[in-house]
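Reassemble the complex: the two chains are provided individually, in unrelated frames, and hints are given to aid placement.
Next come the chains, spelled out residue by residue.
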Amino acid sequence: MENLLTRHRNLSVLAVVLFIQVFGLAVQVRSKDPEHPPLIRVWAVATVTPFEQAIVHAESAVYGVWHNYLYLRGVRQENRDLKAQIEQLRLDQVRLNQDASQARRLQALLGFKEQSILATLPAQVVGSSGSEQSRSLYLDKGERDGLRKGMAVITAEGVVGKVLQVYPHTAQVLLINDQSSGLGAIVERLRAQGIVRGSPAGETLLEKIMADEEVQPGDRIITTGGDGIFPKGLLVGTVIKVSPSDLFLRIGLHPAADLTRLEEVLVVTKMQDVPPPGDVAASQRAADILAERLPGVPDKPAGPDAARADTLGAAPADAATPKSAAVAGAKPDPPHAAVKPAGPEPPPQRPPSPQAKPTHDSKLAPDLKPITQRMQ
Amino acid sequence: MRLSQTSPEQVEVYRFPWLAAALIPALAIFFQVFFPVQFPFLRIFDVPLLVTIFLGVTRRNPVTGLLTGCVIGLIQDSLTHHPLGVYGIAKTVVGFGASSLGVKLDVENAVSRFLVTYGFYLLHQFLYFSVQRGLVGEALGWAWGHELLAALVNAAAAVALFAVLDRFKQRN
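Residue numbers (our numbering), protein chains in the order written: chain A, 1 to 376; chain B, 1 to 172.
Each hint should be verified, as a subset may be incorrect.
Pairs of lysine to any residue residues, derived as SDA-like cross-links and limited to a Cα-Cα distance of at most 20 Å, are as follows [claimed, not checked]:
| # | chain 1 | residue 1 | chain 2 | residue 2 |
| --- | --- | --- | --- | --- |
| 1 | A | LYS208 | B | ALA139 |
| 2 | B | LYS104 | A | LEU11 |
| 3 | A | LYS208 | B | LEU140 |
| 4 | B | LYS104 | A | ARG7 |
| 5 | A | LYS208 | B | GLU138 |
| 6 | B | LYS104 | A | TRP43 |
| 7 | A | LYS149 | A | ILE117 |
| 8 | A | LYS232 | A | GLN107 |
The set of hints was computed from the structure by calculation and includes no laboratory data.
The shape of chain B in the complex, shown without the other chains (with noise of 0.2 Å):
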């Protein structure tokens, strides 16, 4: 199983219908914010983070990858009690590393999809908590547990969330 790509050409760039790239960020964001108060250990799942992710590896344009992430941090940062911008700075590096990564990774295979989902949920919640901390100026306490078990959940079910939106992506 290999995990890098070595030549251009085997570089597949993806897009979606306008509809499927509208809606599965609202329905992520959707999902975050109603679900876990029916089902309150669901609070652990970042779905936003993970969509951001997908879409920043399958089209594999950096300046669409960050402004996706931009766009969904801002919406979720407006749905938080927090200042504007502190899950958007967070989401707006994710989705340029992730656009940028997915030209260099193969990203169509489960293990890559683990490691790097679990890598970018680290990267995430720690600019999550320099901004807040350093910006902000709110003491947010970091826990390594919790953090890293978060990233572990969030990392398998990106598995299984990619593979249900690789039937809305069409070959470029």
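Here chain A stands alone, though its shape is the one from the complex (with noise of 0.2 Å):
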């Protein structure tokens, strides 16, 4: 046995180191998902990480010398577009703040729990796995900064990743096109649901779509928030190409966050379930804010049937029974729509009863749709 051992010494170093290696994983792929990294996992990390923290923050300050104080050519244009452009955001806003608060009060009609983002901690990407089956990368802030074990990376432009290992000073991010990876997402135009994750060459899909859905090239992916990761809303990426497959759809994505080139990213280090405001609950009714958006029954044109109607002492159009108010909503009489009532702005329209909200629901105005469809 000695004698064989010897006469083959490299086969048998061989064998010994690779059967503790298979035994090692064995190991690992039973106590799946430990509390704490293996050591030699820790040391690795310890001894690479601060080598790319400190060429990538020199780098930075380099970067940031040149651009801040040196290279200054075109900055007074920029400002003027970019004060320009803060002028437009702001007349958006405006008009968003409506849409939003409007959201708001249905969904906290209808008890709607969303999650915030509360609190995100900004963080540069240091480094990555270096395995091209491996889509992670390294931050340079850690378990000190506050980071924990799956908590959302994304960036401005959509989702990144999830963090996977926090270290004293830095944290690995789990790619969304890691293969490993899954994410739940919705094509935003059908609502129909999916899981994002990665394929073996490093692209985005969208899987788990069934085949008669009419997924198209550009629709919208985001997340759906069931993880208790991501908050419901976040943009993931769009479709750029759908092959049909027999039971569900094969969709490429492009993601919005450029996973190829990041720099910094954004942590979410804290969400909040939004409850849904009482007050506003309390004081108003589904119906009523339903009310305010919807059209009611255009004021008739002067004419010989409002004067006969005086004379027979109806009661004035602006108290327009509710049912009517509803039915004209639903569908306005085409000349009266076509018409525009002569004299002075027409009295506002009082609110329907709450009888006429199932006949509302079936037309609501387009831009409320998607809202009450997501609350269903």
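Pasting the structure below:
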């Protein structure tokens, strides 16, 4: 036996080393997702990342000095452009605020809960796993900065991934285009739910969408919020190709965040369940809110009919019954809709009665439809 | 041009100063994890694998070769999110194979270096995927086109890299 081992010394050493590694693998596979990473992992990360951080920070410093103090060509023009852009954005914000408060009131009425991002921590990408089969990154922030396993990582453009492992001064982030990644997402236009994951070649795919769904290139994919990691509604990417398959579609995505050129990211350190605002819910009914947005019965133009109504002692136009208002809102009479009533501004419409709501629901204003669908 | 060596006398065994022997794999790993963040196309290279092959065929000692491959592979594993040992096993076998082959082949010329690296890259990827699928149970997809292209690119890079690393070796 001893002779055999000596004669085949090289092969024996190979067998022993391979056996130890296979045994180690088996132990790791059995105890998946341990509380603490193995020491060799901690040491390797602790050895490599300080160098990466030093280079990245030095690079940022040089870049900052150059761009903030030396190379200022075109800054005035850029400043003017940005000011104009701010003005435009302020106008947009007013409109969006109105829509948002409308949506919040409707959510409140249905006891709709959602999660919102409460705090984020900016972090710089300092390194990668160095493997094509492991699409993960290292950040310059870690446990001591408040990062924890499972936190969402995003950019202003969209979703990046989640924190997979935290070390004292660094954290590993699993990208959404890794094969072992899985992110709950929906097609924004169709509300069809699927799972986003990576392919061997690093493409981002949306899976588990039934073949009969009419997904088209250009469709936006957003997070469902159901996984408890990402808040609802964050942009994941847009559809670039759809291939039919037997049961499910094969959908290729263009990630919203450029996963190949990430420099700075935001780690979502705090999320909050936003409860429905109770006071609004108590004071306003759904029907009232819908009535504010829906068209009412336009005033009848002054004419022989109106004169006859006056003579008969009929109710004035502004006292239209809720039922008629609802019907008019659902299907405006073409001649009335086309003819603008003469005279001063028509008086405000009275809200319809709650009984009128089902009629309204079927013909909601287009901007309300997505909200109600989501609530359902 | 001869690719094979017939007599043991023709086999030249080299060694490396300890600093070079430690720094070359360390720099290879650093290159692998740092630069692809800035230049994503570099992700296709597996520099630690090239260094494993180079050290194996140059030192021509199977035990040293397999241990070098094992250490480099385990450090690479530590930086991924996969279990430790996947790269370790693949690179252990490559290190052993490269040093065993180095005894039989003339690995000093560019063509043999290209062919050896091409073959070992494919062997490495095959072992990596087999271990991932068979032992870890992770269903990684194998893309033939991508792997063959990556093997070509790495083999071409190896010719240039080995020429640079040749400067550090010393005759035993």
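Consistency of the hints with the structure:
1. With a CA separation close to 17 Å, the supplied pair LYS208 of chain A and ALA139 of chain B stays within the 20 Å bound.
2. The hinted pair formed by LYS104 of chain B and LEU11 of chain A meets the criterion: a straight-line CA distance of about 17 Å does not exceed 20 Å.
3. A threshold of 20 Å between alpha carbons decides the hint, and for LYS208 of chain A with LEU140 of chain B the separation of about 18 Å falls inside it, so the pair holds.
4. Simply put, LYS104 of chain B and ARG7 of chain A have alpha-carbon atoms about 19 Å apart, close enough for the 20 Å limit, and the pair holds.
5. This hinted pair checks out: LYS208 of chain A and GLU138 of chain B have alpha carbons roughly 19 Å apart, not beyond 20 Å.
6. For the proposed pair LYS104 of chain B and TRP43 of chain A, the alpha carbon gap of about 38 Å is over 20 Å, so the pair is violated.
7. Taken as a hint, the LYS149 of chain A and ILE117 of chain A pair is honoured in the structure, with Cα atoms around 17 Å apart against an allowance of 20 Å.
8. A hinted pair counts as satisfied when its Cα atoms are at most 20 Å apart, and LYS232 of chain A with GLN107 of chain A qualifies at roughly 14 Å.
Violated hint: 6 only; the structure is consistent with all others.
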